[in-house]
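Q: Sequence:
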Amino acid sequence: MVENTGMNTYQRLAVRLHELGMITRRKAEEACVYAADWGEPRPERRTDELTGVFEVCGVAVQVHGEDVDFAEGAYADILEVAERMIGGAVAVTDVALVGEIGSLRDLDFKVNGEAKSWRIEQESDDYLDLGAVHEGIADLLPGGDDPRVFHCVPGDGPCADDYYLLATPGQAAALRDEFGLRIEVRGADGLPVRRPWPCPDTAPDQRPGAMPGRGFSGSR
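In terms of this note's numbering, the sequence shown has 201 at position 200, counting the first letter as 1, and numbering is strictly consecutive.
Mixed in with the good hints there might be a few duds.
Unchecked claim - Label pairs and their in silico Cβ distance ranges: (1) 193 <-> 56: 37 to 45 Å; (2) 101 <-> 81: 21 to 29 Å; (3) 174 <-> 26: 42 to 50 Å; (4) 125 <-> 7: 45 to 53 Å; (5) 181 <-> 73: 34 to 42 Å; (6) 37 <-> 107: 41 to 49 Å; (7) 20 <-> 189: 21 to 29 Å; (8) 181 <-> 56: 13 to 21 Å; (9) 81 <-> 43: 26 to 34 Å; (10) 192 <-> 20: 21 to 29 Å; (11) 81 <-> 107: 16 to 24 Å; (12) 27 <-> 193: 27 to 35 Å.
In case anyone wonders, no lab produced these hints; they're calculated from the structure. Treat the numbers as computed from the prediction; the structure is a model and nothing was measured. Note that CB positions come from ideal geometry on N, CA and C, so glycine has one too.
Whenever a hint applies, use it, and build me the whole structure from the sequences.
A: See the structure below:
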C-alpha cells in the first residue's frame, strides 16, 4: 500500500485507484509525484479537476466537448483509446463516419468483427455528438470474466469534456462516494443504474447551457 499521509486530494485519489486494483503501485507512485504541487481542487469544480488523475493514470477515455480537427478522426481516437485500455479483449476495426455534414450521420465500425453503428447528430465536422458516445460506449465491453465497464463522468458545462472511467461497478461507486465525484455508475451491462445529477429529472443534454450535440442520439 502506498502511504497517503499528508497527501493532497489528487494524490489520495491516485493511491485509492491502486488500492482498488485499477492501477499498479508504480503508476500510483508516479501519479503522486506528478500531482505533488497541484494544491486542492476547487469545490465547485471538484469532479472536473480530479479527472486529471484519471488522465495521468490512464483509467479513463476523454471525449472532447470543445472543437476537434476532424470528427471522424476524433471518434476513431476514442475507440482506439478504449480498445487499448481494455487490453486485448476488444478489437475495433473499420471505423467510418458516413453521411453528409449537417445531416444525420452514422459512425460505423466493428467490434471483434461484429458491426456496430452510432447515430450521430452534429451540425459541423468540428464537434462531437457527446450523447452518441454516452449511449454507444456500452458497445465496448470487455466481456467474459472481466466485469469492467465504462462509467460516464460528465463535464460541467456546455463545452466541457466528458470522461469514461473503465472500472467495475463497485470500483466506480467507491470513487463516487469516497471522493464526491460526479460519476454515473453503470451496471454489468454498461447501462446506467442511477442518475448522479442533483435533479433526478435532469439528463446530460439538459444541463444549463448545454449545446446541440450533447443530447442523446443512441446506437443501433
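Q: It remains to establish, for every hint, whether it holds in the given structure.
A: Going through the hints against the structure:
no., hint, verdict
1, 193 <-> 56: 37 to 45 Å, "violated (23 Å)"
2, 101 <-> 81: 21 to 29 Å, "holds (25 Å)"
3, 174 <-> 26: 42 to 50 Å, "violated (23 Å)"
4, 125 <-> 7: 45 to 53 Å, "holds (48 Å)"
5, 181 <-> 73: 34 to 42 Å, "holds (36 Å)"
6, 37 <-> 107: 41 to 49 Å, "holds (46 Å)"
7, 20 <-> 189: 21 to 29 Å, "holds (22 Å)"
8, 181 <-> 56: 13 to 21 Å, "holds (19 Å)"
9, 81 <-> 43: 26 to 34 Å, "holds (32 Å)"
10, 192 <-> 20: 21 to 29 Å, "holds (27 Å)"
11, 81 <-> 107: 16 to 24 Å, "holds (19 Å)"
12, 27 <-> 193: 27 to 35 Å, "holds (33 Å)"
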